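Chain by chain, the residues run as shown.
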Amino acid sequence: MDMTEIQHALNASEQGSAMYRMIEELYPICRSITGNGVRQTLHGIQQYIPVEVHEVPSGTQVFDWRVPLEWNIRDAYIAAQDGTRVVDFRRCNLHVMSYSVPIKSRMSLKDLQAHLHTLPDRPEWIPYRTSYYKDNWGFCLSHNQLKQLPDTDYEVYIDSSLESGHLTYGECFLPGESAEEVLISTHICHPSLCNDNLSGIAVSAFLCRALQNMQHKLSYRFLFIPGTIGSITWLAMNQEHTNWIRHGLVLTGVGDAGAITYKRSRRGEAKVDLVTTHVLQYSNEPYKIIDFFPYGYDERQYCSPGFNLPVGCLMRTPHGEYSEYHTSADDLEFVRSGSLHNTLSLCLKILFVLENDRIPISLNPYCEPQLGKRGLYRAVAGQKEGALQEMALLWVMNLADGRHSLLDIANKARMPFDVVHTAAKALSDHGLLN
Amino acid sequence: MDMTEIQHALNASEQGSAMYRMIEELYPICRSITGNGVRQTLHGIQQYIPVEVHEVPSGTQVFDWRVPLEWNIRDAYIAAQDGTRVVDFRRCNLHVMSYSVPIKSRMSLKDLQAHLHTLPDRPEWIPYRTSYYKDNWGFCLSHNQLKQLPDTDYEVYIDSSLESGHLTYGECFLPGESAEEVLISTHICHPSLCNDNLSGIAVSAFLCRALQNMQHKLSYRFLFIPGTIGSITWLAMNQEHTNWIRHGLVLTGVGDAGAITYKRSRRGEAKVDLVTTHVLQYSNEPYKIIDFFPYGYDERQYCSPGFNLPVGCLMRTPHGEYSEYHTSADDLEFVRSGSLHNTLSLCLKILFVLENDRIPISLNPYCEPQLGKRGLYRAVAGQKEGALQEMALLWVMNLADGRHSLLDIANKARMPFDVVHTAAKALSDHGLLN
Amino acid sequence: MDMTEIQHALNASEQGSAMYRMIEELYPICRSITGNGVRQTLHGIQQYIPVEVHEVPSGTQVFDWRVPLEWNIRDAYIAAQDGTRVVDFRRCNLHVMSYSVPIKSRMSLKDLQAHLHTLPDRPEWIPYRTSYYKDNWGFCLSHNQLKQLPDTDYEVYIDSSLESGHLTYGECFLPGESAEEVLISTHICHPSLCNDNLSGIAVSAFLCRALQNMQHKLSYRFLFIPGTIGSITWLAMNQEHTNWIRHGLVLTGVGDAGAITYKRSRRGEAKVDLVTTHVLQYSNEPYKIIDFFPYGYDERQYCSPGFNLPVGCLMRTPHGEYSEYHTSADDLEFVRSGSLHNTLSLCLKILFVLENDRIPISLNPYCEPQLGKRGLYRAVAGQKEGALQEMALLWVMNLADGRHSLLDIANKARMPFDVVHTAAKALSDHGLLN
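Chains as they are written, first to last, in the working numbering: chain A, 1 to 434; chain B, 1 to 434; chain C, 1 to 434.
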């Protein structure tokens with residue numbers, strides 16, 4: 001993998017727009033942690049990359065959890081006495097609380113209230129609610145809608161099923177020269193929400209597609225899984241194999257207009273943490289780096305103490321810090337092709353460092369080598385051209401003592417990794433470095 | 001020891017007022033590093049807690065020092081030619097420099113001057129002076145008094161004795177389940193001064209009394225000793241035993257209106273340092289934490305390099321940083337029952353952490369446990385209630401890897417210790433933690 | 001070495017003026033990395049200190065380099081058609097690019113241009129240029145001069161020789177009680193430039209002269225060498241011996257009016273780094289401390305990874321950060337006797353700490369010693385005189401546990417080294433310290 005390939009990958013087509021179109025395609029599907037919505041989504045992803053689909057039976061014990069019953073929904077509504085659907089699943093799949101048990105009943109507005117969820121502060125938006133692990137049912141609607149409901153009886157209907165079936169997830173493995181692998185994990189369990197997490201799905205798929213066209217030393221494993229139960233299931237079924245995971249990123253909420261946020265792995269100074277920090281420092285864009293905390297996305301499982309994998313989480317605005325989060329306002333307006341493209345670019349730069357970092361050893365440790373006789377140095381001292389490149393050569397030679405990686409050298413020299421990497425290559429070509 | 005017991009201890013009676021009354025009782029006594037004033041003081045303390053009184057003979061070698069002769073004083077004055085006492089020990093025991101040798105003489109004001117101590121900057125206050133280790137005598141008086149003395153001859157009389165006797169100190173040991181002990185040390189050698197250190201005596205005694213009514217794992221040793229020579233004597237006589245001291249606090253100057261100051265132990269990061277820092281951070285009150293320095297109170301001896309005990313010093317305004325320090329203005333007006341109560345409360349909270357901190361080990365280290373099925377988790381995701389308590393559960397499970405104590409977890413989670421402690425208890429009760 | 005000797009050394013004569021006069025003497029000589037200019041310079045230094053002159057034959061392999069041909073120059077000019085010298089080496093030796101090959105030619109101004117160096121931004125100054133390792137020739141002149149040259153043909157003449165000869169350097173070794181040595185290295189290859197580096201030569205020589213009159217434990221090695229190739233040559237010929245170098249300073253650009261800049265050794269926390277930092281902190285003058293970077297002066301070679309010697313670099317304004325750098329404006333006006341004196345003083349204070357630092361061991365580790373009975377303590381407690389000296393005594397006793405040097409103690413106590421050193425001496429004299 002070299003920078004040319006990466007530039008090529010980014011320019012090959014209008015990647016940002018293409019990712020946005022992928023989001024448009026997947027937006028209408030009603031996803032949950034199990035069920036046909038997940039299958040349709042994985043099928044959609046397969047149009048881009050070769051994802052292998054796995055089905056894990058309901059009831060399977062996965063550590064402290066069990067794979068739940070499979071949930072599917074065909075229709076749901078609240079209807080007025082004249083049959084008019086005042087809340088209609090077919091208009092927006094957020095209207096039904098995910099994992100709602102089936103119901104067909106007539107009840108007063110007052111009795112119905114306990115099952116209605118709204119956002120009084122955002123009266124035009126529909127909230128997103130779930131009840132995976134407790135039998136319940138509910139409708140989500142805008143607060144304005146609720147206020148307009150006459151105080152009368154309603155027909156309540158949810159045509160869902162909660163039956164023994166499967167948990168479905170997708171996996172795409174790209175073998176590299178080495179068995180050491182990079183994990184890219186994305187959750188696919190949210191219904192019609194764009195940033196959370198169709199943005200993650202799209203960037204993940206396009207990252208995978210870019211890698212397919214490049215040589216890479218490391219192996220790459222892309223997971224498209226339902227949140228929490230999906231990563232727990234995968235970890236339970238691949239516990240031994242996790243030893244091969246050397247670096248990892250959870251991608252989530254990467255399409256909004258906000259600045260990048262990187263949440264460190266639990267280790268705090270894992271390679272992926274150092275690399276991402278470095279890349280962000282030289283990204284010329286605002287960013288925020290935050291410490292690990294045991295809440296958020298599937299990094300919670302990858303970073304549980306028994307695994308403690310070096311997996312960070314790449315986001316833009318963190319969940320809960322934007323008001324559109326988990327509401328109908330996280331829609332196609334909310335995500336931007338520019339943000340998607342920028343996130344993809346950042347990911348590729350991170351992988352570039354992971355692929356190319358190494359610990360160089362000087363073959364000329366005593367005093368500086370004479371760079372001039374090798375054409376690596378300015379001929380007339382006192383002139384300023386080429387000074388930066390020369391400094392990179394000097395830094396690499398000075399720190400190539402077996403105790404500094406190229407990334408360490410870049411950080412000490414306060415230079416971007418690729419300048420140091422290029423210098424190291426030139427020095428190796430001239431026999432000065434291993 | 002639990003928080004309920006601590007609340008009970010603090011509310012049981014009006015502890016602040018009670019400590020203030022104790023100070024009032026002890027205020028009139030003329031204390032020094034030896035003598036009957038110390039004995040009377042210990043007798044006064046015995047009205048509150050079961051203090052054992054120790055007598056160490058004058059001349060006893062204690063490391064580089066010797067227990068000095070015992071000093072007692074009955075009367076002292078400077079009298080005008082007509083016999084009027086112009087400076088009178090009976091009016092204020094600060095008037096005589098502590099350890100003044102006896103004298104009965106007539107001399108001019110000029111000759112007397114070398115033995116008079118005043119505070120020109122604070123002309124209404126009487127300074128406190130001592131000369132323990134060099135034979136000398138002196139009077140302390142207000143500068144205003146000095147200025148009014150006519151330039152004539154005076155009768156000078158000090159009816160003191162400096163004779164072979166004893167050094168007296170008090171000790172109260174509360175055995176706990178473990179032989180590991182907490183040292184609470186307070187000096188008792190200052191005459192009519194309230195903050196320094198009747199405040200320390202009162203808080204120490206009431207802390208001891210509170211512990212008597214609680215279960216505690218650790219053992220507690222309270223020392224009421226003359227400054228410097230007292231701690232040196234105790235250390236010399238208990239050198240081997242000091243290995244059992246796991247934590248310690250010197251209490252001094254804890255009754256004034258100033259903010260709390262904690263002076264770290266010489267180790268700097270001893271458990272007592274970390275715990276006190278944490279408790280102060282969540283105290284909602286101003287405070288200052290300062291590094292150890294080899295001046296101050298008996299921590300100088302406990303933290304001498306041969307012992308290097310984990311003993312910090314808890315004060316309010318540090319000695320020398322308030323102008324009333326070591327003057328007659330450190331009187332009953334200067335100390336406040338609120339400050340005393342607040343210090344006692346702080347000490348109890350520190351002991352609560354010392355008693356309850358432990359290194360938890362997760363019994364479910366692979367992925368998160370399913371808190372929901374145990375009733376430890378919100379049923380409907382997306383609602384905000386209970387989020388803080390849940391975060392504490394998640395933090396404990398995530399960091400219970402055998403390398404973090406509950407205090408470490410609280411600090412990482414930026415939560416008060418008792419929230420984390422409560423979470424750990426709930427997790428242990430559900431079999432998720434050892 | 002004690003502070004009295006150092007004060008004596010600094011006051012003995014007007015050291016600043018004397019160093020300035022030495023610079024005046026050496027200023028006219030045309031130095032380069034080899035040749036008679038270097039020999040004349042070393043001869044000039046020998047008027048002050050006993051420098052041993054070494055000659056290393058051209059072609060000698062020194063690590064990755066070879067000692068170059070020896071360069072000498074007798075005359076050079078650019079002459080107008082009427083024979084008038086419009087650029088004349090005899091007027092200023094900066095006019096010829098160092099290591100210019102001989103030439104005698106007639107050419108148009110246009111052809112000549114490629115060999116002319118000016119500073120358009122500083123039109124009155126002549127730049128300093130070199131081309132040691134590539135056959136080339138050139139003239140340096142002020143931009144104003146260039147602009148006035150009529151567009152006609154010129155006679156170009158450089159009477160130089162580039163022949164097999166020697167690289168010349170000087171060395172002065174002052175043996176101490178110990179074979180452990182301090183390296184002081186200064187480059188001597190610049191022609192008529194004052195700050196860079198006649199200032200370094202003068203301070204180095206006077207430092208050497210001061211040490212000759214003092215007792216010192218450490219041995220001192222002063223090197224007067226051509227930059228880069230000189231240090232590489234010395235290191236190649238003394239590779240094994242470098243193990244004795246315990247501390248080192250490169251002195252360069254120490255005569256200008258700017259604040260002191262100390263560039264740390266590559267190790268970053270070598271003793272010389274800690275000592276210089278401490279001395280600067282108590283210097284009452286502005287200063288800057290910067291991290292090592294692999295550019296600058298001969299510290300580049302001493303701090304190459306194979307050697308990694310504890311050698312820092314002491315400067316005033318760093319090279320390249322003042323516009324006079326490497327131009328004719330770095331002249332006798334630019335350096336100041338006050339700056340030279342101040343640098344010398346700083347060096348002596350650094351050496352004082354290097355000579356006198358040690359790890360004291362308390363012979364009275366349990367509790368404080370009784371300072372009073374040894375006359376080391378104020379008799380009447382509460383008085384303020386002597387408090388600072390007492391604090392130093394207490395700090396030394398408290399930290400003399402075999403894990404703190406006197407410098408560590410001074411830093412912890414926030415006191416200058418010599419106060420702590422004096423306290424340690426008093427304690428040793430009283431048998432309290434080894």
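Simulated from the structure, these hints should not be mistaken for laboratory data.
This one's a predicted model, so the numbers in the text were calculated from it and none came from an experiment.
Hints are not guaranteed to be accurate.
Copies of the same chain are indistinguishable here, so a pair counts whether it falls within one copy or spans any two.
[As the list claims (entries may be wrong)] In silico DSS-like cross-links for lysine-lysine, where the CA-CA straight-line distance does not exceed 25 Å:
#, residue 1, residue 2
1, Lys147, Lys104
2, Lys425, Lys412
3, Lys412, Lys271
4, Lys271, Lys147
5, Lys373, Lys134
6, Lys104, Lys425
7, Lys425, Lys147
8, Lys425, Lys288
9, Lys288, Lys412
10, Lys147, Lys373
11, Lys104, Lys412
Each hint, compared with the structure:
no.: 1; hint: Lys147 <-> Lys104; result: within (23 Å within a copy, 97 Å between copies)
no.: 2; hint: Lys425 <-> Lys412; result: within (18 Å within a copy, 42 Å between copies)
no.: 3; hint: Lys412 <-> Lys271; result: both (16 Å within a copy, 21 Å between copies)
no.: 4; hint: Lys271 <-> Lys147; result: neither (53 Å within a copy, 57 Å between copies)
no.: 5; hint: Lys373 <-> Lys134; result: between (75 Å within a copy, 8 Å between copies)
no.: 6; hint: Lys104 <-> Lys425; result: neither (70 Å within a copy, 43 Å between copies)
no.: 7; hint: Lys425 <-> Lys147; result: neither (68 Å within a copy, 44 Å between copies)
no.: 8; hint: Lys425 <-> Lys288; result: neither (32 Å within a copy, 35 Å between copies)
no.: 9; hint: Lys288 <-> Lys412; result: both (21 Å within a copy, 19 Å between copies)
no.: 10; hint: Lys147 <-> Lys373; result: neither (83 Å within a copy, 35 Å between copies)
no.: 11; hint: Lys104 <-> Lys412; result: neither (67 Å within a copy, 48 Å between copies)
Checked against the numbered hints given earlier, this structure breaks hints 4, 6, 7, 8, 10, 11; the rest are met.
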